[in-house]
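Since the structure of chain A is already known, use the hints to place chain B on it.
Going line by line, the protein sequences match chains A and B.
If you're matching positions, the first sequence starts at 1 in the UniProt record's numbering and goes up one per residue.
If you're matching positions, the second sequence starts at 1 in the UniProt record's numbering and goes up one per residue.
Just so you know, these hints were derived from the structure itself, not from any lab.
Bear in mind the structure is a predicted one, so any value in this text is a computation, not a measurement.
Don't take each hint at face value.
Which copy is meant is left open, so a pair is good if it fits within one copy or across any two.
[As the list claims (entries may be wrong)] Result set (SDA-like, lysine to any residue): computed pairs, CA atoms no more than 25 Å apart in a straight line:
#1 K30 / T73
#2 K137 / R181
#3 K137 / E199
#4 K184 / E172
#5 K30 / A74
#6 K28 / T39
#7 K137 / H185
#8 K184 / Q110
#9 K30 / A196
#10 K28 / K184
#11 K137 / V183
#12 K30 / E199
#13 K28 / D175
#14 K137 / T27
#15 K30 / I171
#16 K137 / L182
#17 K184 / T39
#18 K28 / V183
#19 K184 / V134
There are 2 protein chains.
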Amino acid sequence: MKTEPQDHLRMTQKRKAGFEKKKAAATKEKGLLIVHTGTGKGKSSAAFGMGLRTVGHGMRLGVVQFIKGALYTAERDILDSFDNCDFHTMGEGYTWNTQNREADIATARQGWAQACAMLDSGEYDMLILDELNVILKYQYLPLEEVLHQFATRPANLHVVVTGRHAPEALIEAADLVTEMRLVKHPYREQGIKAQAGVEF
Amino acid sequence: MKTEPQDHLRMTQKRKAGFEKKKAAATKEKGLLIVHTGTGKGKSSAAFGMGLRTVGHGMRLGVVQFIKGALYTAERDILDSFDNCDFHTMGEGYTWNTQNREADIATARQGWAQACAMLDSGEYDMLILDELNVILKYQYLPLEEVLHQFATRPANLHVVVTGRHAPEALIEAADLVTEMRLVKHPYREQGIKAQAGVEF
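For reference, chain A alone in the conformation it holds in the complex:
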């Protein structure tokens, strides 16, 4: 898109006007229900990026990781070092490591009890429920119970739910939904292994 200076000026003025108009119409504040789903990368990273912002603003962040407990994550060490972040990790890694549906359900219940306590406490500005979508996909928790809990949470609490396969009803209930779509992945195409910083 090559443009002359005067076209550029007209174009950017128009774009700025549109942006300002949209911004002026957006006046409400409320806690958002945010969902990151899809088979691409970045669902958890984007949630933790928002968590980092929240902590940086001096607001209070809570995290419940539902199934990545066995995996070392460097972001946990950093976020957890802040007084205004509470980080809880449940489960024993990916579900296929346990090979036991009953044990997986019990672990999911434990994580959800922790999440409910944090949802109800009124102490948080943002709560990240990492990989909860996967828990819901496998029906380890009743979807209706989860949606009811979200609907009755404190009005200004942002909740971020990550994981593949977000249920349709959760997407319906959400305010902000992003699908991370896989375009290219080096695991599959080039035989490259998981590397620090990128994958864990």
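Positioned in the frame of chain A, the structure of chain B alone reads:
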């Protein structure tokens, strides 16, 4: 997907076997060229989430923000507080605030000179070039020059490029590409304003 315990066991065993096979075939380590694009949210947040991991591992992170200079970002304050992170912000906010193509090009050049110095230095494990896609879309920098610089960077340096409208040739050159697809956005649909933690 309701399953009986024995089906669950068979299913998870099969899935685990496939995962292990794929992991065993992935043995190479190399610096990845990573692109986050699309009109959805989370492109920069996911990059900063990876940056947080990198810093948490004690690896060295560099960041050049090409067009968000005027916007306060809490993640900058936190990342910048670590000795193993160098954070540079260029530009004067969104391009439509300056209304001047020549000034925008000069600012892009300044950011790119900074990025090149960091790419060539050999001192970094990961470099985040935030919103560079937008700079390329507006042709503020020659794409060929950028691709050549990426192709000749140190072999183990991960580069993460964010922004809408990633050029096709950059996607071709990349190892890992995720498109953040907008499914629902509260600005547009509910008149909700930008909020701390979520948007900035």
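These are the hints, each one checked on the structure:
{"no.": "1", "hint": "K30 / T73", "verdict": "between (30 Å within a copy, 20 Å between copies)"}
{"no.": "2", "hint": "K137 / R181", "verdict": "both (18 Å within a copy, 21 Å between copies)"}
{"no.": "3", "hint": "K137 / E199", "verdict": "within (23 Å within a copy, 28 Å between copies)"}
{"no.": "4", "hint": "K184 / E172", "verdict": "between (28 Å within a copy, 9 Å between copies)"}
{"no.": "5", "hint": "K30 / A74", "verdict": "between (31 Å within a copy, 20 Å between copies)"}
{"no.": "6", "hint": "K28 / T39", "verdict": "between (32 Å within a copy, 23 Å between copies)"}
{"no.": "7", "hint": "K137 / H185", "verdict": "both (23 Å within a copy, 23 Å between copies)"}
{"no.": "8", "hint": "K184 / Q110", "verdict": "neither (36 Å within a copy, 30 Å between copies)"}
{"no.": "9", "hint": "K30 / A196", "verdict": "between (36 Å within a copy, 11 Å between copies)"}
{"no.": "10", "hint": "K28 / K184", "verdict": "between (38 Å within a copy, 17 Å between copies)"}
{"no.": "11", "hint": "K137 / V183", "verdict": "both (23 Å within a copy, 19 Å between copies)"}
{"no.": "12", "hint": "K30 / E199", "verdict": "between (33 Å within a copy, 13 Å between copies)"}
{"no.": "13", "hint": "K28 / D175", "verdict": "within (13 Å within a copy, 40 Å between copies)"}
{"no.": "14", "hint": "K137 / T27", "verdict": "neither (35 Å within a copy, 31 Å between copies)"}
{"no.": "15", "hint": "K30 / I171", "verdict": "within (18 Å within a copy, 37 Å between copies)"}
{"no.": "16", "hint": "K137 / L182", "verdict": "both (19 Å within a copy, 21 Å between copies)"}
{"no.": "17", "hint": "K184 / T39", "verdict": "both (11 Å within a copy, 17 Å between copies)"}
{"no.": "18", "hint": "K28 / V183", "verdict": "between (35 Å within a copy, 20 Å between copies)"}
{"no.": "19", "hint": "K184 / V134", "verdict": "both (22 Å within a copy, 20 Å between copies)"}
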